[in-house]
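Using the sequences plus the hints, can you model the full thing?
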Amino acid sequence: MSTTRLPVVEAGEVLREASINGIDNICLYRVPPETQDASDSTTVLLTEVTEDLTNYGSDKFQDRNQSVELQIFFSTKEDVDIDTIERQIESIFLAKKWRIRLSRAHTVDPTTEQLVKIYYLDRTERNDF
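Residues in the sequence shown are numbered from 1 upward in steps of one, following the UniProt record's numbering.
Hints are supplied without guarantee of correctness; some may be wrong.
Listed next, the in silico DMTMM-like pairs over lysine to aspartate or glutamate satisfying Cα-Cα at most 20 angstroms (straight line) [what the hints assert, rightly or not]:
1. Lys96 / Glu125
2. Lys97 / Glu125
3. Lys77 / Glu34
4. Lys97 / Asp63
5. Lys117 / Asp83
6. Lys96 / Glu13
7. Lys77 / Glu113
8. Lys97 / Glu10
9. Lys77 / Asp24
10. Lys117 / Asp81
11. Lys96 / Asp122
12. Lys117 / Glu78
13. Lys77 / Asp109
14. Lys97 / Glu86
15. Lys96 / Glu86
16. Lys77 / Asp40
17. Lys96 / Glu48
18. Lys96 / Glu51
19. Lys97 / Glu13
20. Lys77 / Asp37
21. Lys117 / Asp37
22. Lys96 / Glu69
23. Lys117 / Asp40
24. Lys97 / Asp122
25. Lys117 / Glu48
26. Lys97 / Glu48
27. Lys96 / Glu10
28. Lys117 / Glu86
29. Lys117 / Asp24
30. Lys117 / Asp79
31. Lys96 / Glu17
32. Lys97 / Glu69
Source of the hints: derived by calculation from the structure; they are not laboratory data.
Shown next, in the form of structure tokens:
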């Protein structure tokens, strides 16, 4: 049987290994209090969305479809290259066999005034019983 790790942990490792210039913080499941008001830094928050067990046969499932929400809170500094950061994230996850299910329009966080971008990323893990 394959050892499936939590999708948020794997997505965090993908981002950390990529060392994308302009991303200051990568947070899993929650943004720590000391980072919440840091509008002068770019923070990525990864959380789990869904996990569907599919492709049943012989009283077993074969596939585990997992979804992760990736939120980018961009620094309010004017020198942040938003487009480059987004394109690098998209390319890196596609290269690692994740699919971009949804890319939401930019919004502004009412508390920090940071521009926010949200992606929904999917992957399928095959179980080997």
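Structure-based check of each hint:
1. Distance restraint check for Lys96 and Glu125: the Cα-Cα separation of roughly 13 angstroms lies within the 20 angstroms cut-off, and the hinted pair is therefore satisfied.
2. Restraint check for Lys97 and Glu125: satisfied, since their Cα atoms lie roughly 10 angstroms apart, inside the 20 angstroms limit.
3. For the hint pairing Lys77 with Glu34, the CA-to-CA distance comes to about 19 angstroms; that is within 20 angstroms, so the pair holds.
4. Among the hinted pairs, Lys97 with Asp63 is consistent with the structure: their alpha-carbon atoms are about 15 angstroms apart, no more than 20 angstroms.
5. Of the pairs offered as hints, the one joining Lys117 and Asp83 holds, with about 11 angstroms between alpha carbons and a cut-off of 20 angstroms not exceeded.
6. Distance restraint check for Lys96 and Glu13: the Cα-Cα separation of roughly 11 angstroms lies within the 20 angstroms cut-off, and the hinted pair is therefore satisfied.
7. The straight-line distance between the Cα atoms of Lys77 and Glu113 is roughly 11 angstroms, inside the 20 angstroms bound, and the hint therefore holds.
8. A distance of roughly 12 angstroms separates the Cα atoms of Lys97 and Glu10; the hinted pair therefore holds under the 20 angstroms criterion.
9. Under the criterion of a C-alpha separation no larger than 20 angstroms, the hint pairing Lys77 with Asp24 is consistent with the structure, at around 12 angstroms.
10. Between the alpha carbons of Lys117 and Asp81 the distance comes to roughly 13 angstroms, so the proposed pair stays at or under 20 angstroms and holds.
11. A threshold of 20 angstroms between alpha carbons decides the hint, and for Lys96 with Asp122 the separation of about 11 angstroms falls inside it, so the pair holds.
12. Taken as a hint, the Lys117 and Glu78 pair is honoured in the structure, with Cα atoms around 17 angstroms apart against an allowance of 20 angstroms.
13. Among the hinted pairs, Lys77 with Asp109 is consistent with the structure: their alpha-carbon atoms are about 15 angstroms apart, no more than 20 angstroms.
14. A distance of roughly 17 angstroms separates the Cα atoms of Lys97 and Glu86; the hinted pair therefore holds under the 20 angstroms criterion.
15. Between Lys96 and Glu86 the alpha-carbon distance is near 16 angstroms, which keeps this suggested pair within the 20 angstroms criterion.
16. Of the pairs offered as hints, the one joining Lys77 and Asp40 holds, with about 6 angstroms between alpha carbons and a cut-off of 20 angstroms not exceeded.
17. With a CA separation close to 18 angstroms, the supplied pair Lys96 and Glu48 stays within the 20 angstroms bound.
18. Distance hint between Lys96 and Glu51 is fulfilled; the C-alpha atoms sit about 19 angstroms from each other, no more than 20 angstroms.
19. This hinted pair checks out: Lys97 and Glu13 have alpha carbons roughly 14 angstroms apart, not beyond 20 angstroms.
20. Among the hinted pairs, Lys77 with Asp37 is consistent with the structure: their alpha-carbon atoms are about 14 angstroms apart, no more than 20 angstroms.
21. Our distance criterion of 20 angstroms between C-alpha atoms is met by Lys117 and Asp37, whose separation comes to about 17 angstroms.
22. The straight-line distance between the Cα atoms of Lys96 and Glu69 is roughly 16 angstroms, inside the 20 angstroms bound, and the hint therefore holds.
23. With a CA separation close to 16 angstroms, the supplied pair Lys117 and Asp40 stays within the 20 angstroms bound.
24. With a C-alpha separation of about 9 angstroms, the suggested pair Lys97 and Asp122 falls inside the 20 angstroms cut-off, and the hint holds.
25. Taken as a hint, the Lys117 and Glu48 pair is honoured in the structure, with Cα atoms around 16 angstroms apart against an allowance of 20 angstroms.
26. Proximity of Lys97 to Glu48 is assessed by CA-CA distance (about 17 angstroms); at most 20 angstroms being required, the pair is judged to hold.
27. For a cut-off of 20 angstroms, the pair hint linking Lys96 to Glu10 stands: about 10 angstroms separates their Cα positions.
28. The straight-line distance between the Cα atoms of Lys117 and Glu86 is roughly 9 angstroms, inside the 20 angstroms bound, and the hint therefore holds.
29. About 15 angstroms separates the Cα atoms of Lys117 and Asp24, which keeps this hinted pair within 20 angstroms; it holds.
30. For the hint pairing Lys117 with Asp79, the CA-to-CA distance comes to about 17 angstroms; that is within 20 angstroms, so the pair holds.
31. The hinted pair formed by Lys96 and Glu17 meets the criterion: a straight-line CA distance of about 12 angstroms does not exceed 20 angstroms.
32. Taking the CA atoms of Lys97 and Glu69, the gap is about 16 angstroms. The hint holds against a cut of 20 angstroms.
Hint compliance for this structure: no hint is broken.
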